[in-house]
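Modelling step: build the complete structure from the supplied sequences, incorporating the hints.
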Amino acid sequence: MRYKDYAAEYRLIYQVKKKSLIIDISTENNNGIEVVLGSAKPLPGAKSIQVPYLRFEDTSPQIISYKDLFLSCFLDWWSSDSTMLYAKNGFTEDGQGIFCNGGAQYFPLTNGNYNNIKERLFITISRDFQEVLPNIPNPKSPYLDKYKCSSWRWLYGGPRKIDWVRQLHDYGVENFMVRFHADGMRDGNESYSLREYSAPSIGDKLFREVGQELKDMGYGFAVYSSYIGIEGINKNFDLDILNRDMLGNTTAKFLRYRVKPLAFVDIHSEMAPRIHKLFGTNFSYLDVHAARAPWRDTDCDSRSPMPGMFRLDFLANAQVMLNDRIAHEGPVWSEGGMQFLYAGFVDATYGYMGHETRWDKSTDIVDFDLLRLHPRMISIGMGDLPMYYKKTQFREPRNRFNPWLDRFIAATIAYGHAAWQVYPADFELGGALKSYFLTNAVQSCYIGVDVEEIGYFDGSKIVDTSKAIQTDAYLRRQIYVRYKNGLQIWSNLNHDNLDWKIEINNSAYVIPSGGFVAFKQNDLLAYSAKTNGYERHEYVRSPAYIYLDGRDKPIAIEGIKLAKGACAIKTGCKDKFIVCALPDFEKLAISPALIKQIGCVSLETKRSRTFNNFKIDENGWLNIDKPNSPKIIISSNNDSSVTNN
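Once you know that position 175 of the sequence shown is 203 in this note's numbering, the rest is easy, because the numbers rise by one and skip nothing.
There could be a bad hint or two in this list.
Below, simulated DSSO-like cross-link-like pairs (lysine-lysine); rule was C-alpha separation at most 27 Å, straight line [unchecked claim]:
#, residue 1, residue 2
1, 615, 598
2, 95, 495
3, 512, 174
4, 389, 418
5, 489, 75
Keep in mind that the hints were calculated from the coordinates and are not lab data.
All figures in this text were calculated on a predicted structure; none of them were measured in a lab.
Spelled out as C-alpha cells, the structure:
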C-alpha cells in the first residue's frame with residue numbers, strides 16, 4: 029500500500045463464521061500507525077442505532093440499520109496490539125456514507141518505534157439485530173445467585189454516619205451491601221488510592237467496629253480502594269511505577285499519576301489481603317477500574333512489557349478484579365462506564381450508561397445489556413440517580429411519590445438490574461424503603477437468569493427488537509422481557525406520558541410512564557400501575573413478602589386493607605410473619621384467609637382479642653392501627669402465642 033511518499037506492507041487473512049466476516053490484519057517492520065474502519069455507502073435511508081452500555085467513553089460504536097439488515101464492525105479488544113481503540117458514528121460529510129465504528133491507533137513508543145499492527149476485525153450482517161451485537165467471552169460471576177436479593181450503595185461521611193442504615197435495618201431491609209467512599213480513607217488532600225489505612229481522623233478501630241456491626245445485621249461491608257492512580261504524597265510513590273506517554277511524560281488524571289499495569293497488579297497482590305485483614309471486609313470496591321477505557325493513558329514506555337498496547341491494561345484490570353475476589357473473600361464491585369469489557373471479571377458495577385447517555389439520551393434498547401452483560405454480572409440501579417439524571421433534576425418532590433424515582437425503579441427493572449438503595453435524605457425514609465421493597469422480590473427472580481424474549485410495544489402489539497428498530501417502535505420505550513424461568517416484565521419508560529394497557533390472567537393493568545408490571549405464575553406479582561379500580565399504587569406479592577403502598581389513599585388488595593401510607597409483610601418466615609409499618613402507616617387489616625395462607629393457623633383461636641400493637645376482631649381480621657415500633661412479629665407456635673416487638 030502506498031500513499032504519497034509513505035509505503036506499507038500488510039497482510040489480510042479472511043474467514044467466515046456464521047454471519048461474520050473475520051479479517052486478521054497485520055503488518056511487519058513497524059510501518060503502520062492506524063487501522064481505519066471507514067464508512068458504509070451508499071446506504072440511502074440507513075439509521076445509526078445507539079446501544080446502551082456499548083460505549084467507548086465519550087463516543088460509542090453504533091449499529092447500522094438499513095432496510096431489513098443490520099451491520100456492525102468491531103475490532104477484537106482481546107487481540108488488538110494498538111495503543112487505543114476509538115469510535116466514530118453518524119454520517120460522512122457528503123451524507124452518502126454512515127459510520128458504525130472508528131478504528132485503532134498506534135502511538136510511537138518512548139524510543140520512537142511503533143508496534144506492528146495486529147488487529148482482528150469482525151464485520152457482521154444479519155436480519156436479526158441481536159446477532160450483530162458483540163459477544164463478551166468473559167467468565168460468569170460466581171456470586172449471582174448468592175447476591176440476587178441484595179441492594180447496594182456507597183456511603184459518604186465515613187463510619188460515623190450510618191444511623192440511617194440502622195434505621196433501614198429496623199424497617200426490614202435485608203442483604204444491603206454497604207461500601208464506604210474515598211473520604212473515609214483520607215483527611216484533606218491526603219492520598220486515598222493505593223492506601224491500606226483509613227483517615228487518621230477516623231481511625232481503623234472505628235471502621236472495624238462499624239464493619240462488624242454491619243455484618244452482624246447481615247449486610248455487606250467494604251472500604252474504598254483503587255490501584256490505578258497514585259498521588260505524589262503517597263508513601264508508595266515511585267517514579268519507576270508511573271505510566272509514560274509517547275514523549276516520556278508521566279500521565280496524570282484528577283491529581284493522580286497513572287500507575288503501570290503490572291505495577292498495580294503487584295501492589296494489589298500485597299495490599300488487598302492486608303486491607304481485608306485490617307478491616308474485616310466481606311466484599312470489595314474497586315474505584316475507577318471498570319469506569320475508564322483501558323486505552324486511556326496507555327503506557328508507551330519502551331522499557332515496559334507490551335509497551336504501547338492497551339491490552340496489557342485491560343488484562344491487568346481483569347486480573348486485579350479476580351485477585352480482589354480472593355483477597356476479600358467476596359464479590360467485587362467496581363465503578364461502571366466501561367463495564368461491558370469486564371463483565372464477569374467484576375461481579376457488580378453501577379448500571380451507569382455514561383455521562384453522554386443519561387435517561388433522556390438513551391434509546392433504551394435493552395438487548396445488549398440483558399443478553400451479554402446480565403448473564404455475567406450484577407448491574408446496580410442505573411448508577412445512582414445523579415448518574416441517570418442531570419445532577420439536581422430529580423430532587424423534587426422529596427418523597428416517595430417523586431416521578432423521577434418511579435422512572436429510576438422502572439428502568440432498573442427493565443434492564444434487569446439490582447436495586448440501588450436510595451438515601452432517605454433524597455426521598456424521605458418512605459422513598460428509601462420503596463426503592464428496596466418494590467425492587468427486591470423482582471430482582472431475586474431475574475438476577476442470574478437468562479432472557480428468553482425481548483420485545484417492544486408498537487402501539488398495538490409487541491414486536492421483536494429487529495422489527496421495533498426498523499419501524500421506530502422502540503422509540504416508544506415500552507419494553508417487554510421474558511426470562512427463561514417464566515418471569516415477565518412490562519416496563520414503560522415512555523417520554524411522552526403514554527400509558528400502556530396490558531392484561532394478565534384476565535386482570536387489566538394500566539402502566540403509566542415510569543411504571544412497570546412483573547409477573548411469574550404462582551410466584552410473583554409486582555407493579556407500579558393502575559388496576560382494580562384504583563389510581564396508581566405499588567404492590568408486591570412474593571414468597572418472601574407482600575408490599576403495599578396506596579399512595580396515601582385507602583386501598584384493599586388480596587386480603588389486605590390499608591388506610592394510609594405503606595407496609596411490608598414478611599411472609600417467608602416459618603410459623604410467623606413480620607409486619608413492617610413503614611412511615612405514614614395507618615390502619616392495616618389482614619384477612620383470616622391471608623393469615624391462614626401465610627401459615628399462622630392458630631390465630632383462628634385468638635378472635636376478639638387485643639394485644640400490644642394489634643388486635644384480632646370477631647371476624648378474624650388482624651388489625652394494626654399505629655404501632656409503636658417499626659416491626660411487629662406475629663408468631664404461631666405450639667402454645668399459640670402471639671408476640672410483638
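Okay, the hints, checked on the actual structure:
| no. | hint | result |
| --- | --- | --- |
| 1 | 615 <-> 598 | 17 Å, holds |
| 2 | 95 <-> 495 | 10 Å, holds |
| 3 | 512 <-> 174 | 19 Å, holds |
| 4 | 389 <-> 418 | 11 Å, holds |
| 5 | 489 <-> 75 | 23 Å, holds |
Violated hints for the displayed structure: none, as all numbered hints are satisfied.
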